[in-house]
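Trainee: Got chain A; can you put chains B and C on it based on the hints?
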Amino acid sequence: MKFGVIVFPGSNCDHDTYNVIAEIAHQPVQFLWHDSEDLKSVDAVLVPGGFAYGDYLRTGAIARFSPVMDAVKKFAAGGGLVLGICNGFQILTESGLLPGALMRNAGLKYICKQVHLRTETADSAFTNSLEKGEVLQIPIGHAEGNYFCTPEELKRLEAEDRIAFRYATADGAVTAEANPNGSLSNIAGVLNEGRNVLGMMPHPDRSSEKLLGSVDGWKVFESMIGALAAK
Amino acid sequence: MNPIPSAVVPPEPVAVTPELLTQHSITPEEYDRILKALGRVPSLTELGIYSVMWSEHCSYKSSKVHLRRLPTKSDRVVQGPGENAGIIDVGDGWACAFKIESHNHPSYIEPHQGAATGVGGILRDIFTMGARPLAVMDSLRFGPIDSDAAIEPELIRKNHSIVEGVVEGIASYGNCFGVPNLGGETKFEACYSGNPLVNAFALGLVRQDEIFYGKASGTGNPVIYVGAKTGRDGIHGATMASEEFKEGSEQKRPNVQVGDPFMEKLLLEACLEAMKTGAIVGIQDMGAAGLTCSTCEMGARGGVGLDVELDFVPQRETGMTSYEIMLSESQERMLLVAEKGREDEVLKVFAKWGLDAVVVGTVKPESRLRIRHHGVLVADIPNESLTDDAPLYHRPVGTWKTPLPAEPPVHAQEELTKDRDYTADLMKLLGSANISSKRWVHEQYDTMVQTNTVQGPGGEAGVMRIKGTGTPGHERGLAMALDGNGRWCYLDPKLGAMHAVAESARKVALTGAEPVAATNCLNFGNPEKPEIMAQLSAAIDGIAEACTALGTPITGGNVSLYNETRGEGIYPTPVLGIVGILDDVTKAVPADFQQADDAIILLWPVPRGEEPNPDLKVPFTPEPMRYPVVEAEAEVVADADSEDPEATATAELAAFGSSEYAKVVLGGVWGTPPSLDLEAEADLHTLLRAVAERELVHSAKDISDGGIAIALAESAIRSGIGAKIDQDESLLIHPLFGLFAEPASTVILTAKSADVDEIEKLADEYGFIAARIGVTGGGNLEISVNHEPFISASLAELREPWAESLEAALHREVLA
Amino acid sequence: MKAHVYVTLKTSVLDPQGQTIQNALRKIGYDKVEGVRQGKYFVLDLESGLSGDQAREQVEKIARDVLTNPIIEEFTYRIEE
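Protein chains in written order, with the numbering used here: chain A, 1 to 231; chain B, 1001 to 1816; chain C, 2001 to 2081.
Next up, chain A with everything else stripped away, as it sits in the complex (with noise of 0.2 angstroms):
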């Protein structure tokens, strides 16, 4: 199985995310460079935390426009799966492939930290080694994490079931003490459509060995390496 992990300039979690696949995974990786519309034949498409661009237009907004994203496009409409993590998330709504935006905190502060998050939905390649309802600590570090979609979005999210994550207490309870963005609905995660697209503001990437601190975000990976096995 083989992993691109996009790089823009002003990702900065390129490094940490490769680091997780190349050496907890064991599995082939390699980067793909935002200004190419290869994407060397990967199995699955990372896109990144960090400030694509420096964010300066809004998080996200002109990472879209590069010929990665095209391709991705692409590969995102023919199945393959793309998981965004924190900028990549934003990256992604930005480009349309999952629905909302993600706003400035309720705080207006960065906040970098550990959160728990409960996952709503296990049916999805990035969530089947979950449990629904299982509570994972995972860090979060954003300014623009705060999750936004109409109310007739939310709706059809939550019809759907394409609610990966909300923040919640560590024994699982959605409180809004347990938000720490002021995200709508305490969504931490989305999935798309064709469930094979998951964005999500934590950072697996970071929680992935135990001298870290927390292996939840492991999970997450070893749901899509299952996911690509079974294909």
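No wet-lab data here; the hints were simulated from the structure. All clues given are correct.
Label pairs and their calculated CB-CB ranges:
1. B/ASP1597 to C/VAL2013: 48 to 56 angstroms
2. B/THR1017 to A/LEU108: 46 to 54 angstroms
3. B/SER1217 to A/TRP33: 31 to 39 angstroms
4. C/VAL2013 to B/GLY1218: 53 to 61 angstroms
5. B/PRO1472 to A/GLY78: 35 to 43 angstroms
As the structure is a prediction and not an experimental result, all values here were calculated from the model. From the three backbone atoms N, C-alpha and C, an ideal C-beta is built for every residue, glycine too.
Mentor: For chains B and C alone, kept in the frame of chain A given last:
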């Protein structure tokens, strides 16, 4: 490019007036020196070049003669002071580049951008050497932010905006660049109102055989300018950083540069990639004094000259003069020398990253800086006259006597005689500015990017693993800490500076790492005042002595003088950064309690030259205070062999006057810092490494601000695991001093009960006493002596003031 | 020819920055301010040869496709000859 004709037409002389020299902060004596070096009257551009290169900030003209006393060598030191950053060997073919630098003045004038560009500058210093920056930390000093502080509301409001701006600035730059922040320290004192300190530390790793230096060589090699375009930013920033603040300094706002972390990130990736081509000969960042400093320093280090054509320098604004281009401090720019004929390889890499990279000059055999603009020679200066031969001052060193009293002031004496509620005192300390949680600060920083963070901010030291070293799952690690105690240095600059070294090294050692090298940032007042020079000189002596004793040579850093506003100086504040090495990062010891039912052990040194008395386990004194504080209930017979008890009690009272407790609870500062035995401190570090290596301890925490009570409370609050301390009177003889004094070389460990004996034995070998004082567990912190409770509170009660007070103070409205 | 484009969050979307500014204004005594919306302002230098219609068409397309995220933002603009 046409070669510059060898000074046929010398640069046009400027009409030199006393006003012009004053504007450039050049003294008449210094001007004579310029005339001698050039053999003619300088052009305006040349005058500007001299003024920045000879500024305190660039030349260290007041401090250099003293800095020479610092130890700078060891087997580990690959590069000492004088380069962009110091470098040490950390094993497995890796070298570590690190340095701390101040950005105090810009951060006062424009907190957000001042702090941000401080981070940007130190990061460039690191990657200039070929090292990828892997960690940053900051040492911050602000004026009071509590609305009840005894200063004008206007000042408190200003302090709020400085705190908010500085933290946001550091966050915005480091987060976007993608380097984790591993901590540092944030402290508040009245003297930093109007003169905050922002000292930024960065650390990076480079393969030992891939280090780059800021040295030009090879006649005919092209000089390449890379990065952001040059604008009129920060013109005379270096001179500004070398002047006292006067009313109206805010007017200098246009001088402050604006940072672009995105550009810097591109510059990092492009530079590291360009270095891999093998076509780069030397490289230096353009920081303070911009193009001027980089051109003459690179030339001077290589004994060659750089000829530069300013017309080729990418410019953001139109109509810039040569003076402006040479003195601009626009950020995110680098200067490099490439191998002749291979410049295209280098330019190609920068083009890939979308960066401006232009050949602006050529390396010449003669060690002169030659600048041409619009075909006219505007500067022609011998490099050495700007660097090595810059003026050096033996400024008068007076004596420093602290204006603070030796004895407790009256109101503190009154407080000392009252019956005390120690739990209430503890709560007050927990909510005080220097002790309360800095979570509000740290959460704004990305502390985890690059996935190496083993211990982030909030513990003793930052700990990171080094990918690709050791064995998989057991990589090597680095521990790093910053420390400085201005109040102690104000009381005693030498002893205070020694403590700064000892405490930052101790924080590193507590993780189990071996402290191996240091960097320092010396923040002082106006060096033209003899008493300030006395502080500086004494502090340097203290650093030299402590760094020598602890085996941590100084590899670089910076000096920030003229930290005065309206004639009032800051506390002398040397800040030390210490780096240590862990052979197996999985053995790194955390600061907080790890599990219930662990033994809590207090570790303190047997006074050197004395035999430990097994019956008298007293860390601080064998005597009740000879001061009418609390009715000394516990009568203890003084050891006949021990020192004069009266003298001990006096010394102890003097040391107590420098504590946070004295300042916060008693409302006064007096006396001296605690005594420090460097030999014992060095032994402590070896001992801590030994217990960590054998995996005997679960946590290790320093006793510092607020004493044992605060150390226990913090470990408990942060972990959510309580503690029960019940001691016989021999340990906490005097409850007040026992609980809240801040003795050096004293730490708290936790361990399995079964391991306590072995720890005691090891401690004994190193001349330390390890005493089991209690046990972890439960939801309370309870400290009692002979079953009589001194402190008793639930963790929830303790957490509240500690966790909330910083943010609450910032959000509280300050009423006029 | 210049186009001035102003981008703000839609009125239906919470604007915490605007809210914070409004609170601050109230705190320091400007109690007549009933609302604050914070936004972004762009100045586009356009080729001078463009007709008014061409310019408007260009600017609207740029504002819609690039300068705003239509899910959360809206824009207004004016053209300066």
